[in-house]
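Number of protein chains: 2
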Amino acid sequence: MKKKRPKFLLNEAFRKHGDRTFLPHLSVDCVIFGFHEGHLKVLLLKWKDGPWCLPGGFIKHKESIDDAATRILKERTGLDAIFLKQFHAFGDPLREKGKRHQEGWISKRFVTIAYYALVDYSKVFPQPDSFSSECTWCDVHAVPNLIYDHKQIMKVALEALQLSLNDHPVGYNLMPLKFTMPELQRLYETILGQSLDRRNFQKRMLALDILVKLNERKTGGAHKAPFLYRFDKKKYDRAVKRGLGAGF
Amino acid sequence: MKKKRPKFLLNEAFRKHGDRTFLPHLSVDCVIFGFHEGHLKVLLLKWKDGPWCLPGGFIKHKESIDDAATRILKERTGLDAIFLKQFHAFGDPLREKGKRHQEGWISKRFVTIAYYALVDYSKVFPQPDSFSSECTWCDVHAVPNLIYDHKQIMKVALEALQLSLNDHPVGYNLMPLKFTMPELQRLYETILGQSLDRRNFQKRMLALDILVKLNERKTGGAHKAPFLYRFDKKKYDRAVKRGLGAGF
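Those protein sequence lines, which keep their order, are chains A and B.
Numbering-wise (the numbering used here), the first sequence opens with residue 1 and increments by one.
Numbering-wise (the numbering used here), the second sequence opens with residue 1 and increments by one.
The set of hints was computed from the structure by calculation and includes no laboratory data.
Be a bit skeptical, because a hint or two may be false.
Copies of the same chain look alike in the list, so a pair counts if it works inside one copy or between any two.
Dumping the calculated DSBU-like pairs for lysine-lysine here, alpha-carbon to alpha-carbon at most 30 Å [stated by the list, open to error]: (1) 235 x 218; (2) 97 x 218; (3) 151 x 74; (4) 234 x 108; (5) 41 x 85; (6) 108 x 16; (7) 241 x 97.
In this text the structure is predicted, and so the values were computed from the model without any measurement.
Just chain A, with the same shape it has in the complex (with noise of 0.2 Å):
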C-alpha cells in the first residue's frame, strides 16, 4: 500500500502557511510503548540531523484530534490500525525550549494533546517517514536525551499505563493465544517495573473473570508443567470498554 506523506512538511511554505491547512497552537505527540517477551520499549523517531523525538504533528482544520493522532502516527511512522489512547495535554508555554524555528506559525506556542498505545513490537515494522533518518523501538530505561518536553510526556504515559492496569485488561494484542499465569505475570511485571507476587496474581487475574482455564499444561517436559489459559475475548471486549469494575 502506497503511504501519504506530507511532503512539504517542513519546507519553506509549509513554515510559513502551514496553519492554511492545521490548526495554530496545537499538536499531537505519541507515545508508542512496545512489548515482546518480556521487553518494553518505546518508538522515537530521529529527525535528520536533528534530536530524537516521539512520533507526532499536526491536526488538519476539519479532522477530529482522534483522527489526527491516528494519520500522523501512520505518516511518520508506517503504523496502522493502532488504538491510541489520548492521556494529557501539555500546555506549559516554555516546554519548547530550544525551538529552533524563528518565523512562520511554527515558531510559535504549540499546545500538545498526547496519545499513547502498547503493541507487540514484533508484529508492526515501523519505517522513518521522509524528514527522520531512524524510527527505532528504544528501552524505555535506556531513552536519549529528547527534543522538548518528549520524555517528560513518555513518563506521564508509562504512569497512565501504568495506572490502566488497575481499571482496564492488558494482554490480548500482546500474549499468544495460549499462555501460563507466569507468562501474563511477566507482561504486569514489565510494564509496572516491579515484581509481583505469584499467588496474589493468580488469584487477582482469576477474579477479574476474563480468562479461561484450558484443559492442557505447557509442554516443554518440565516436571510440574503450569496450566495454560486463554482470554475469553467477550468478556476481555466488555472489560475494555466498561472497565473492570475491580474498584468500587
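Given the coordinates of chain A, work out where chain B should sit on it, guided by the hints.
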C-alpha cells in the same frame, strides 16, 4: 477582594481580535462537582438570554493551560484556590453545533481542554460574572440542556472522578474533621451513584492506611454509636500525590 473581569469578553473587539490576547482554536472548560451531606451537584452558568453551560474561557498567549483553568474558574464563578484536574481534551470538529458567532476568531472551531474538581458546595459561594444571569449548583441527575457538547464533557468528568476513587483518596475537604465510617461510605456511594457493601467498604478503607480510628464514638444517644475517624493528613497527602497503590 476585587475580582478582575475581562470586560471585553463578548464585545465587538473581542469577537474580532480576541486572538491578540488568547490562543485561537483552544478553550478550557471546568466541571465543578459539589458534594454536601449526601448530595452531588455540578456548577453551571447561564448566559444572559442564552443557554446553560460549564464555566469556560480561553488561554492567554503566555499562560499555561493549568493557570488558564484556575483563572477562568475564578473570573467566571468567583471560586478561588480550587484544585483542578485536567482529564480530557474534546476535539470533534463538529462539537460546537449551533454556534451563534458568525465572524471573527470566536466563530472558528475550538478544541477544549477540560478540568474537573470536587468541592464542598456549602463552603464556596459562586457568583455569576457580568455575562451570566445565573451561576448555580444543579443536581447531576437533573442537568438541563447544555450548550455544544458540555453534557458529554460533564459525563466524561463524572466517569473520571469515579475512576479516580480506585487510585486516589477523596474526602479531606468534604467530610467534617471527625466522621463515622457510614458517613464516609455515603460520600463514595454518592459519587458512584450506587450502594456499597458496608463490610467490604470498611475493610477497604482501613487497608488504605489513611484513616485514624479515634477512641471516641459519635454522640447522639444511639445504643451502638459508631466510632469516629479522622484522616491522617500526611498519609492522605502522600496518597493524593502517589496514588493509593491499591492496584498492583
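Verification of the supplied hints:
1. 235 x 218: within (24 Å within a copy, 44 Å between copies)
2. 97 x 218: Intra 52 Å, inter 56 Å, cutoff 30 Å: neither.
3. 151 x 74: within (21 Å within a copy, 32 Å between copies)
4. 234 x 108: Answer is neither: 47 Å inside a copy and 42 Å across each miss the 30 Å cutoff.
5. 41 x 85: both (17 Å within a copy, 29 Å between copies)
6. 108 x 16: both (11 Å within a copy, 20 Å between copies)
7. 241 x 97: Classified as between; 27 Å across copies, 38 Å inside a copy.
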